[in-house]
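Chains as they are written, first to last, in the numbering used here: chain F, 173 to 466; chain B, 60 to 271.
Heads up, a few of these hints could be off.
[What the hints assert, rightly or not] Restraint-style ranges between C-beta atoms, simulated for each label pair:
1) F:Glu265 to B:Lys265: 49 to 59 Å
2) F:Gln437 to B:Asp76: 29 to 39 Å
3) F:Gly206 to B:Asp91: 49 to 59 Å
4) B:Glu269 to F:Val423: 33 to 43 Å
5) B:Lys84 to F:Thr353: 29 to 39 Å
6) B:Lys223 to F:Gly314: 48 to 58 Å
7) F:Gly356 to B:Phe62: 33 to 43 Å
8) B:Asn256 to F:Glu253: 25 to 35 Å
9) F:Pro204 to B:Leu86: 48 to 58 Å
Hints listed in this document are in silico derivations from the structure and should not be mistaken for laboratory results. Just so it is clear, CB atoms sit at the ideal spot from N, CA and C, and this is done for glycine as well.
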Amino acid sequence: MGDKKPILDLLQEELIILDGAMGSLLIDQGLPAGAPPEIWNVSNPDKIKKIHQKYFDAGSNVVLTNTFGGSGLKLAAYKRENSIEEYNRKAVEIAIESCPENGYIAGDIGPSGTFLLPVGDITTIDFESNYQEQMQILADAGVDLFFIETMVDLQEAEAAVKSVKSVSKLPVFVSMTYKKTKRGFFTIMGNSIEQCVASLQKLGVDAIGANCTIGSDDMIELIKELNLLTELPIIAKPNAGQPQLIKGETVYPTTSKDFAKDISQIVKNNARIVGGCCGTDPGFIEKIVQKIKR
Amino acid sequence: MTFTEECKEAILRGNIDQAAVLAQKVLDEKLDINDAIDAFSLAIREAGDLFEEGEFFLPELMRSAEAMKAAMTIFEPVLKEGKEERILGKVVIGTIEGDIHDIGKTLVAAMLSAEGFVVHDLGADVPVSTFIEKALEVNANLICISALLTTTMVGQKKLIDSLKEKNLRDRFKVLIGGAPVSKQWVEEIGADGSAENAVSAVKLAKKLIESK
Numbered sequence: 173m174g175d176k177k178p179i180l181d182l183l184q185e186e187l188i189i190l191d192g193a194m195g196s197l198l199i200d201q202g203l204p205a206g207a208p209p210e211i212w213n214v215s216n217p218d219k220i221k222k223i224h225q226k227y228f229d230a231g232s233n234v235v236l237t238n239t240f241g242g243s244g245l246k247l248a249a250y251k252r253e254n255s256i257e258e259y260n261r262k263a264v265e266i267a268i269e270s271c272p273e274n275g276y277i278a279g280d281i282g283p284s285g286t287f288l289l290p291v292g293d294i295t296t297i298d299f300e301s302n303y304q305e306q307m308q309i310l311a312d313a314g315v316d317l318f319f320i321e322t323m324v325d326l327q328e329a330e331a332a333v334k335s336v337k338s339v340s341k342l343p344v345f346v347s348m349t350y351k352k353t354k355r356g357f358f359t360i361m362g363n364s365i366e367q368c369v370a371s372l373q374k375l376g377v378d379a380i381g382a383n384c385t386i387g388s389d390d391m392i393e394l395i396k397e398l399n400l401l402t403e404l405p406i407i408a409k410p411n412a413g414q415p416q417l418i419k420g421e422t423v424y425p426t427t428s429k430d431f432a433k434d435i436s437q438i439v440k441n442n443a444r445i446v447g448g449c450c451g452t453d454p455g456f457i458e459k460i461v462q463k464i465k466r
Numbered sequence: 060m061t062f063t064e065e066c067k068e069a070i071l072r073g074n075i076d077q078a079a080v081l082a083q084k085v086l087d088e089k090l091d092i093n094d095a096i097d098a099f100s101l102a103i104r105e106a107g108d109l110f111e112e113g114e115f116f117l118p119e120l121m122r123s124a125e126a127m128k129a130a131m132t133i134f135e136p137v138l139k140e141g142k143e144e145r146i147l148g149k150v151v152i153g154t155i156e157g158d159i160h161d162i163g164k165t166l167v168a169a170m171l172s173a174e175g176f177v178v179h180d181l182g183a184d185v186p187v188s189t190f191i192e193k194a195l196e197v198n199a200n201l202i203c204i205s206a207l208l209t210t211t212m213v214g215q216k217k218l219i220d221s222l223k224e225k226n227l228r229d230r231f232k233v234l235i236g237g238a239p240v241s242k243q244w245v246e247e248i249g250a251d252g253s254a255e256n257a258v259s260a261v262k263l264a265k266k267l268i269e270s271k
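Excised from the complex, chain B in its bound form (with noise of 0.2 Å):
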């Protein structure tokens, strides 16, 4: 097996420490850094191929998820170092205020850490006035903003509304997600996208980071 075949089966079979292990090797041997970040986001991609194929399930796509950041988290250091920060972007995520639905968000922000985003997950039930504080904090690009019941789903337009009305809606990106959203919600509120799932979400939220 190549090296880059041991990268894609470590974060295929979601094995933390094997992904840690190689990882460790690419520094202590001087391999190909950049090489080797490719190799594990290639595996990462098809996981979540796998996943919308309906071949992996949550437990599998959390698993390579903790493997990819296993990896990234021994880089990080020497990404620093070289000037070669591969941050993405900086996302503030939650579930909206009144829903303590939180799989689907935490699964997305797994996926968005993974693959290189910094994230900032501010977990459930949380006050539109605490998305916008975080998010002016850490001077994010982007609110992913999480709702699993039509009735807390009206969060999403709160926010959206609170962000206009301090003159901030051009700052940040904003996505929407949740079983219940649809495009039509999307439009109606002013979000700039939603997605069927944390893989989906990934590639729009790189996506909308790029076009920014």
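Next up, chain F with everything else stripped away, as it sits in the complex (with noise of 0.2 Å):
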């Protein structure tokens, strides 16, 4: 990893490539349904490794660690919360052998797929202790930032952010997933784009975005919202459309070169770091670069 330049200052420079999918390929390569991935960094290392190579290759400034539901909360949904420890930082190992000298490893966080009253019966306290076991074992095994993914509550970012900032004084990028509603984009919960800039930024996030649930074509237009509302660094990170299951396959609808086309637009609307959520692969990583940086 030697003495490549922090990652703030190479956001400083130019745009920064994320990864695709994760999950997606792991389920084309096998894994079972109802398996959480992060088994894969222990029993399957390799084929982690080898997917985090193709996306290096095909151009990727940064990948994603496999850690996207390693947390207390998520793990223990299939009763393996015990394991937190060793998917995590193995998940960290397996990122850093697969990684250029140039390369950059994001310590992925996603939701705790739990949710506060009156939803859930969770408390603020318990998602800031659930993400900071977590955040502490990724910091420790060495990522160079951390990559907060996918939430739909940002009572439940805020509490993620909070604890990483009690670990770790690595860079933090933030990404929330809003659906398109008849009034505009918002979370699953209410927080609107606006609510959620205003909260982040103070907390003093290095970088916020949007991912997931939307494809690249209403992305184009929620990355041009959010431009109006920031001055930190914009991320995108779209779906391939939405799934559809046919013949028993499941199929993502746009297709790499569409997406690619998408993405350029959402980079002209000011994104800085881009990347593919579900249903991409290094393909697409591979024409995003080709079309917006060559």
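Could you fit the two chains together into a complex? Lean on the hints.
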């Protein structure tokens, strides 16, 4: 990993390319339905490593560790909370092994899958201790930054940011997931883009954005709105459309070519950190790089 | 504000305590219980419409459903006494085995229960056999089975196939749910329907029960 420049310095100079999906690729390679993807950090590390390498080869500056569901609360849903240390530490080791000298490793943090009252029975304190545990492991194992993503509840995202700030001084990127309603973009908990930006900025995050739920076409409009609300670097990581099950196969309708075209527009709308979410693969990243970097 | 308007406001504001107070008032002051239930029901439907319009989100809808439930719980003993039981039907609901996403399912359960269904929520990661055992045990009218992942959606097909094998397919209506569920999938596996969201799910459940 040597003496590469800090990611925030790189961000001043150029667009940052993230990776694409992990989970859907693992499923393609035989991860059984119902198993948390993090188990392969231990039982199938070579497959994870290969995916990271393919993303770096395709032109990703940053790959996300296979730890999206690696928090205690989420693993508890699979009765695997005792493996939190192993799953997260191994994930970082695998990512570091696959990382070229100028590459970066982001500790990936997804939602806990639990909800505050009245939807669920969780408190913000539960959220914070949940994330602190995972983030400490990721920080100790040597990630370069944290990537908090797919958050549906601003309060949970806030708890995650506070947790990371309490265990580490590394950069923090935060990406919420919004759905498109007749009144504009909101999280399912009803947080507007404006609320999310105001609150997360105050907490001192280093980049802010949106991923998942919507496809690259709707993301163009979302990023335009987001850009009017913040001076922070903007992240965009859309899906390749909405998944469909056709003859037993999961199919995402957006092609890599159309996706890259949308990303190019998203970059024109001022996103500085781009990648793909569900349904994307290294081929998508390659197309993005061709379209916007060369 | 009229009493009906007060009922409506309690539900739309998701004021659980106020909904219970108003329901108790109906009993204490011997007001017309059916009028009150109609008022509460109209309000929960309006909450549903607001959700569909993007005015309400998960927390608001959940609170409205809870408020409705609080009122109905107070009415329940009286309704039973008067043999005016307003049970619309019995539902067994859960997220399929291998899938731990249960927010959509929980919301549908809350809305069904608010509307007067008796709901047995089996939680998430539920094996096909458990759905069927429970449905037989409680003599359910309706089985609702949720899957958020395209990889676990096949469990919905398994449930229907298993019902067919056991010659039980005609005994229950089966509704399937989850973000990736399409009309095409409903037809392919022979389910009785699916809905875009919790509100439409309740409408569909009522329609299916009435047609049975």
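Is the hinted range of 33 to 43 Å satisfied by the C-beta distance from F:Gly356 to B:Phe62?
-> holds (36 Å)
Given the range 25 to 35 Å, decide if the beta-carbon distance of B:Asn256 to F:Glu253 lies inside it.
-> holds (31 Å)
#### Entry: Whether the CB-CB distance between F:Gly206 and B:Asp91 falls inside 49 to 59 Å
Since F:Gly206 and B:Asp91 have Cβ atoms about 50 Å apart, the given range 49 to 59 Å holds.
If you check the beta carbons of B:Lys84 and F:Thr353, does the distance land in 29 to 39 Å? With Cβ atoms ~36 Å apart, the hint holds.
- Message: If I claimed the Cβ atoms of F:Pro204 and B:Leu86 lie 48 to 58 Å apart, would that claim hold in this structure?
- Response: holds (53 Å)
- request: Can you let me know if the beta-carbon spacing of F:Glu265 and B:Lys265 is within 49 to 59 Å?
  value: Cβ of F:Glu265 to Cβ of B:Lys265: about 54 Å, so the range 49 to 59 Å holds.
message: Holds or violated: the 29 to 39 Å window for the beta-carbon distance between F:Gln437 and B:Asp76?
response: violated (50 Å)
Q. Using the C-beta atoms of B:Glu269 and F:Val423, is the stated range 33 to 43 Å upheld?
A. About 36 Å separates the Cβ atoms of B:Glu269 and F:Val423, which means 33 to 43 Å holds.
**Request:** Look at the Cβ atoms of B:Lys223 and F:Gly314 and judge whether their distance stays inside 48 to 58 Å.
**Result:** Given a distance of about 54 Å, which is inside 48 to 58 Å, the answer is holds.
Taken one by one, the earlier hints fail for this structure only at number 2.
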